[in-house]
Amino acid sequence: MVNQHFENIISNKKNIFIRSWPSNNDPTYNIIIIHGLGEHSGRYKEFASFFIKKNIGVFSFDLIGHGKSDGLKGHISNIKDFTDSIEEVLIEVRKRFINTPIIIFGHSLGGCLALNYLIERKSKEISLAIISSAWIETKIQIPKYLLIIQRVMHILFPKIRLSNRLDTKDLSKDIKIVDKYKNDSLVHDRISLNLLSEINKTIEKIKNKDYNIEIPVLIIHGKKDKIISYKGSELIHKKIKNSKLKLYDNVYHEPHNDNERKEILEYYYDFIKNYKK
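Be aware that the sequence shown starts at 7, since it is given in the numbering used here, and climbs by one per residue.
Don't read these hints as lab results, they were simulated from the structure.
Glycine residues also receive a C-beta, built at the ideal position from the N, C-alpha and C atoms.
Relax, there's no trap hidden among the hints.
Keeping only pairs whose Cα atoms sit at most 20 Å apart, straight-line, the calculated EDC-like set for lysine to aspartate or glutamate is: (1) Lys19 <-> Glu94; (2) Lys207 <-> Glu143; (3) Lys60 <-> Glu272; (4) Lys247 <-> Glu126.
FRET-style restraints, in silico, Cβ to Cβ: (5) Lys207 <-> Ile146: 12 to 20 Å; (6) Asp76 <-> Asp255: 35 to 43 Å; (7) Pro164 <-> Asn30: 41 to 49 Å; (8) Tyr275 <-> Val158: 45 to 53 Å; (9) Glu93 <-> Ile146: 27 to 35 Å; (10) Lys128 <-> Ser83: 20 to 28 Å; (11) Ile166 <-> Lys245: 32 to 40 Å; (12) Tyr281 <-> Lys245: 14 to 22 Å.
Make the full structure from the sequences, and use the hints.
Here it is in structure tokens:
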């Protein structure tokens, strides 16, 4: 496990907390991680440890309203604030490594945000994307009347926060991972009505808008994911021409934290190695 990491705060409208795990040599790539709802950047230490040994640097940051970054837990005013945060971190990494290719990795909500960033900003600074268990199709079907109520209520009471009702045992088959999550003081289970509304609008755009993502995209999902349906990953794979879909039969919501993680991380690395710079 890599213990050495650096912490930094970048500030524009809000303070964004960043962790970085530097390579001992000049890195061949740098990965920017966008984490999921309720979690934080510190949960990716094992992920970072794997890639540092491959001479790939890793940067992970806490989304607004998460971890050590500013903001009411589980709330955001506009999805653009997340998109701007990704841009700010990208600029910070690029300033430190002018010529090193950048990979964007997004998990769950982070997968949705990574896709939205690629669609909206069309950044030439990103060479590859890895999308893990993207929040496109949830397993729970919400009745239409509740969606209508939510759309009205979020206008009147945007900061009302509810539990995300996550069953932690659905994250991974590894009990140690689940226990760490439950005992992590930086993890929360909050989601505001406005954040939910912004996520839903972003998902609808990803599903229905015409767009062209030119960089290679690897899409990963476990078929045993009880939180987010792999059907959403199949959908975005069909929409993104330059994408590759890999489904794992027995993997839960967090592929990088499940029992098969060594195999999965090696698969990520093979995808990166095979990219022609």
